[in-house]
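In case you want the letters, here they are:
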Amino acid sequence: MWIARVLAGLALAPALAPAADADFDRLMSALAQHKHGEVSFVEEKYLALLDRPVESAGTLLYDAPDHLEKRTTRPKAESLVLDGNVLTAQRGRHKYVLNLQQYPQVVPFIESLRATLAGDRPKLEQLFKVDFGGSFEHWSLELVPLDTKLAGAVKRIRIEGQTDRIDTVGIFEADGDRSLLRIDSAAPQ
Amino acid sequence: MTRSGVIATLVWSAGVAIAAAIVASAHYTTDLSAFLPRSPTATQRMLVDQLREGIASRLILIGIEGATPAERARVSLRMGQRLRSDSAFLSVNNGEPVGVERERELLFSHRYLLSEAVTPERFTVAGLRQAIQDSLDSLASPAGLLVKALLARDPTGEMMQIIDQVGNGEQPPITDGAWSSRDGRRALLVAQTRAAGSDTDGQEVAVAKIRAAFAAAAANTGARLSMSGPGVFSVEARRTIKSEVMRLSILSTVLIVLLLLAVYRSALALVLGMIPVASGALAGVAAVALGFGLVHGITLGFGVTLIGESVDYSIYLFIQSQQPGEWQRSLWPTIRLGVLTSIAGFASLLPSGFPGLAQLGLYSIAGLVAAALVTRFVLPNLLPPRLHIRDTTPLGTAAARMIRRTRAPWALLILIPIAAAAILYPHRHSMWNRELSALSPVSAADQALDALLRSDVGAPDVRYLVIVSGSDRESVLRNAQKVDHQLEGLADAGVIGGSESPTRFLPSEATQRARQASLPDAAQLRERLKEALQGLPLRPDRLDPFVQDVQAARTQPLLRRADLEGTSLAAGLDALLIQDGREWRALLPLRTTATFEMDVPRVQSAVSAAAPAEAVVLNVKTEADLLYSTYLSEVLRLSLAGLAAIVVLLLLALRSPGRVTRVVTPLALAVMTVSAGLVLMGQQLTILHVIGMLLIVAVGSNYALFFDQRAVDPHPGAIPLTLASLVIANAATVLGFGVLAFSRVPVLSDLGSTVAPGALLALVFSALLARDLPSPEATCAR
Numbered sequence: 002m003w004i005a006r007v008l009a010g011l012a013l014a015p016a017l018a019p020a021a022d023a024d025f026d027r028l029m030s031a032l033a034q035h036k037h038g039e040v041s042f043v044e045e046k047y048l049a050l051l052d053r054p055v056e057s058a059g060t061l062l063y064d065a066p067d068h069l070e071k072r073t074t075r076p077k078a079e080s081l082v083l084d085g086n087v088l089t090a091q092r093g094r095h096k097y098v099l100n101l102q103q104y105p106q107v108v109p110f111i112e113s114l115r116a117t118l119a120g121d122r123p124k125l126e127q128l129f130k131v132d133f134g135g136s137f138e139h140w141s142l143e144l145v146p147l148d149t150k151l152a153g154a155v156k157r158i159r160i161e162g163q164t165d166r167i168d169t170v171g172i173f174e175a176d177g178d179r180s181l182l183r184i185d186s187a188a189p190q
Numbered sequence: 183m184t185r186s187g188v189i190a191t192l193v194w195s196a197g198v199a200i201a202a203a204i205v206a207s208a209h210y211t212t213d214l215s216a217f218l219p220r221s222p223t224a225t226q227r228m229l230v231d232q233l234r235e236g237i238a239s240r241l242i243l244i245g246i247e248g249a250t251p252a253e254r255a256r257v258s259l260r261m262g263q264r265l266r267s268d269s270a271f272l273s274v275n276n277g278e279p280v281g282v283e284r285e286r287e288l289l290f291s292h293r294y295l296l297s298e299a300v301t302p303e304r305f306t307v308a309g310l311r312q313a314i315q316d317s318l319d320s321l322a323s324p325a326g327l328l329v330k331a332l333l334a335r336d337p338t339g340e341m342m343q344i345i346d347q348v349g350n351g352e353q354p355p356i357t358d359g360a361w362s363s364r365d366g367r368r369a370l371l372v373a374q375t376r377a378a379g380s381d382t383d384g385q386e387v388a389v390a391k392i393r394a395a396f397a398a399a400a401a402n403t404g405a406r407l408s409m410s411g412p413g414v415f416s417v418e419a420r421r422t423i424k425s426e427v428m429r430l431s432i433l434s435t436v437l438i439v440l441l442l443l444a445v446y447r448s449a450l451a452l453v454l455g456m457i458p459v460a461s462g463a464l465a466g467v468a469a470v471a472l473g474f475g476l477v478h479g480i481t482l483g484f485g486v487t488l489i490g491e492s493v494d495y496s497i498y499l500f501i502q503s504q505q506p507g508e509w510q511r512s513l514w515p516t517i518r519l520g521v522l523t524s525i526a527g528f529a530s531l532l533p534s535g536f537p538g539l540a541q542l543g544l545y546s547i548a549g550l551v552a553a554a555l556v557t558r559f560v561l562p563n564l565l566p567p568r569l570h571i572r573d574t575t576p577l578g579t580a581a582a583r584m585i586r587r588t589r590a591p592w593a594l595l596i597l598i599p600i601a602a603a604a605i606l607y608p609h610r611h612s613m614w615n616r617e618l619s620a621l622s623p624v625s626a627a628d629q630a631l632d633a634l635l636r637s638d639v640g641a642p643d644v645r646y647l648v649i650v651s652g653s654d655r656e657s658v659l660r661n662a663q664k665v666d667h668q669l670e671g672l673a674d675a676g677v678i679g680g681s682e683s684p685t686r687f688l689p690s691e692a693t694q695r696a697r698q699a700s701l702p703d704a705a706q707l708r709e710r711l712k713e714a715l716q717g718l719p720l721r722p723d724r725l726d727p728f729v730q731d732v733q734a735a736r737t738q739p740l741l742r743r744a745d746l747e748g749t750s751l752a753a754g755l756d757a758l759l760i761q762d763g764r765e766w767r768a769l770l771p772l773r774t775t776a777t778f779e780m781d782v783p784r785v786q787s788a789v790s791a792a793a794p795a796e797a798v799v800l801n802v803k804t805e806a807d808l809l810y811s812t813y814l815s816e817v818l819r820l821s822l823a824g825l826a827a828i829v830v831l832l833l834l835a836l837r838s839p840g841r842v843t844r845v846v847t848p849l850a851l852a853v854m855t856v857s858a859g860l861v862l863m864g865q866q867l868t869i870l871h872v873i874g875m876l877l878i879v880a881v882g883s884n885y886a887l888f889f890d891q892r893a894v895d896p897h898p899g900a901i902p903l904t905l906a907s908l909v910i911a912n913a914a915t916v917l918g919f920g921v922l923a924f925s926r927v928p929v930l931s932d933l934g935s936t937v938a939p940g941a942l943l944a945l946v947f948s949a950l951l952a953r954d955l956p957s958p959e960a961t962c963a964r
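Which chain is which? The protein sequence lines are A and B, in order.
Anchor point for the first sequence: position 176 equals 177 in this note's numbering, and the numbering is continuous, going up by one each time.
Anchor point for the second sequence: position 566 equals 748 in this note's numbering, and the numbering is continuous, going up by one each time.
Hints listed in this document are in silico derivations from the structure and should not be mistaken for laboratory results.
Beta carbons are placed, not taken as given, at the ideal position from N, Cα and C, and that holds for glycine.
Honestly, I wouldn't trust all of these hints.
[What the hints assert, rightly or not] In silico lysine-lysine, DSS-like type, Cα no more than 27 Å apart, as pairs: (1) K803(B) with K330(B); (2) K803(B) with K712(B); (3) K36(A) with K130(A); (4) K424(B) with K391(B); (5) K156(A) with K130(A); (6) K77(A) with K712(B); (7) K156(A) with K712(B); (8) K330(B) with K77(A); (9) K124(A) with K36(A).
[Claimed, not checked] Computed beta-carbon distance windows for the label pairs: (10) Q106(A) with R721(B): 23 to 33 Å; (11) S811(B) with Q106(A): 51 to 61 Å; (12) H37(A) with D383(B): 52 to 62 Å; (13) L62(A) with D383(B): 48 to 58 Å; (14) R721(B) with L99(A): 28 to 38 Å; (15) A49(A) with F290(B): 45 to 55 Å; (16) F290(B) with A31(A): 40 to 50 Å; (17) T403(B) with G85(A): 17 to 27 Å; (18) R393(B) with S30(A): 47 to 57 Å.
[What the hints assert, rightly or not] Away from chain A, derived, C-beta distances all over 12 Å, residues of chain B: (19) T435; (20) K664; (21) T737.
Next up, chain A with everything else stripped away, as it sits in the complex (with noise of 0.2 Å):
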């Protein structure tokens, strides 16, 4: 009896919403079209802490499968190379090397987008609760973190675009504090 309520749950799910989940393969397969990009980026930080929101700027460049560099210009400059595992800071004369493995927390914050950028669906959805709402003209990926311990920094990232390009990239902290990362898609390419 119970297989076959399994076997009527399996086949009932994608049933459930077949055109969105048709909308996801298709955003997916056209992102992962992308080999590589190169696009500017505005960043506000809006912390519980500070009165006013903080604001950064800079270029984003990704290299599938795996290569994604967040270059910011001001108010600081800093980049942060992502090769695989590990992660690079350079910050005036410092830099600082340090690996995922190490630091699960960042995991989040980095997958979702990079995850996003190579059309990986099998990734996010091995990291995330992922909702997909929209059509492909207009869509957005809700994402929770399936690790609740890594819930506890990161509450939900909200990733919203027009057919193969993102637009936003909003994450949401446990603490209450926010960013939004809006991508200029009239970027130099």
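On the provided structure of chain A, position chain B as indicated by the hints.
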């Protein structure tokens, strides 16, 4: 047996028993620093201490190859876990964040004592505004995550400052959670042993533990282990020296036994002939153990050479005593003089500042004296009334015929010096190897592995080191702080790549107090914050935790060594801050820049400006080579003194400058030929070659004296037997040293490749230049 014979035998037996007891309880070492100086300059003493016990001496670099990257990382993590729980290791690093939590907590709670940015200016309105503005800027950046968590308590960013201070430069990349080489082919670990590098036993235990940890962690993975570091080298060297000494002793003993069996055709004669050899070796080791407290492995290796030389005495006794009365009449006095010349030669090593060389000298003297005395006073008593050995007259007759056939032997006197001068003169500057590594038993392959692992790990190769000395921890730390400040200036100017200092983990108490004194009280700080934060998006009341922390820091107990216990900071500090008896030393290793050779005088003058009397810059390799070079000169000087002593001794004994010249000339020719030959073959000469030449003179003097004796005391009947005994004795010596020439230990092979050809040449030249050798045909016709 005569009464005196009985007494001699009893004395000998007692001596053997005592020597055996001493030898059995002696301590043996193979630490090559025994070949380092005893009473050098202060700088050199620091250098030797560093080589023996410093940070660099405790480092073991571990590479794991083969298998898959993930498997290698797993092996590394398992090994790390096991080794960290072992007290034989001060620290084991493979990239795992071990103890990071506790360490972070410790650093954070002492941030106002540790941060070099804490000054009175930092806590003025302007200073606070600047520091907080910086933190807010970082907040916007990717590293903001870390800053944000600390902002309310640490708005001036002292924690980031401390992380910069103690961060140790570039680290290897991490693959699957553990360090790997940049080319991704090896997993890497760095272990620091509790045992000093000179403690070979302790190092051996550590190496064995690493092997065991690897074996347990890598079962069925196909991974391979490689290890490097001074401790590993000394363990390896001891193993090599042990096995070489064993192997070579056995080999040369077998060869000499075969030779003697072929000559004597008598097992009894063979056994008897070995008695002086064994007695000599025993006496030599016992004398060294008594005189030095411990016996070096190389000295034992030298024992091999003594087999070749001391066996000669019994050969002379057995063969020449076939001529009745010969032994007492002319043979013993000649041997006695030969032994005395050898002693004069080796005695020149005794005052050497090189403990290893002094050991060799004492060993040889004791060994030769014992072997000669046993041959003279004990052996004759043990001989059966008629010892049947093969008649070696034909051998002697043939040798004599060959000598007589050689035309114009006097041409050697002109040709050899000219040829030797022609070969040696152009190499006069380059023929000596002045690098300490010339004596190193570490193979080129192992040195290459070491260089590879070192660059993988980014371990400092501790070539340049500033050492600050003092009588207590506090004063050393204070001076180190001043020096460190200068070094930071040099790093900014690009003169050095960077430096480390114990004061970054543990500032002096004075500095900690000064930092506490720069902190304003709560009321003052609130007042200043109000002003400093104007226009910034941060309200002063948000920083209450900061005000409280600063308030607490003003009176918090100072950070002490004990507080660091159990963190990697403790290991870091212990490596850089050392107590040696009543002396304290801070070590500040310098990193070179990638592009420039370090401007050492500039570093020295900057360092001297900070602490003129207490700090020195040590260029480890230059200093070590200088040291060795000093010893090479010393050995040369001592050897010349030894030669002079030999000449004086011969003058006293022979009372004829002409005879002395005839004895010394063939030896000088042999030494010239060997030196020229070695240089011609591209060999650079080391201290051991010099010792070898001393040995050529010591051994060769026996031959030359025999020919001299025969020339002044013609006794035609004895000629063939004298020649035969010399040929056989020489063959034994050449075999003994020849075997040594094939050793993998440079110290031993240098010696062998010098003495084996040298001894042969000494005999040949002595024979060719012998005056008026009576015709052996006359003997045969008799």
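A quick look at each hint next to the structure:
| no. | hint | verdict |
| --- | --- | --- |
| 1 | K803(B) with K330(B) | violated (47 Å) |
| 2 | K803(B) with K712(B) | violated (57 Å) |
| 3 | K36(A) with K130(A) | holds (25 Å) |
| 4 | K424(B) with K391(B) | holds (21 Å) |
| 5 | K156(A) with K130(A) | holds (11 Å) |
| 6 | K77(A) with K712(B) | holds (25 Å) |
| 7 | K156(A) with K712(B) | violated (34 Å) |
| 8 | K330(B) with K77(A) | holds (16 Å) |
| 9 | K124(A) with K36(A) | holds (17 Å) |
| 10 | Q106(A) with R721(B): 23 to 33 Å | holds (28 Å) |
| 11 | S811(B) with Q106(A): 51 to 61 Å | holds (57 Å) |
| 12 | H37(A) with D383(B): 52 to 62 Å | holds (59 Å) |
| 13 | L62(A) with D383(B): 48 to 58 Å | holds (56 Å) |
| 14 | R721(B) with L99(A): 28 to 38 Å | holds (32 Å) |
| 15 | A49(A) with F290(B): 45 to 55 Å | violated (21 Å) |
| 16 | F290(B) with A31(A): 40 to 50 Å | holds (46 Å) |
| 17 | T403(B) with G85(A): 17 to 27 Å | holds (22 Å) |
| 18 | R393(B) with S30(A): 47 to 57 Å | holds (52 Å) |
| 19 | T435 | holds (58 Å) |
| 20 | K664 | holds (23 Å) |
| 21 | T737 | holds (27 Å) |
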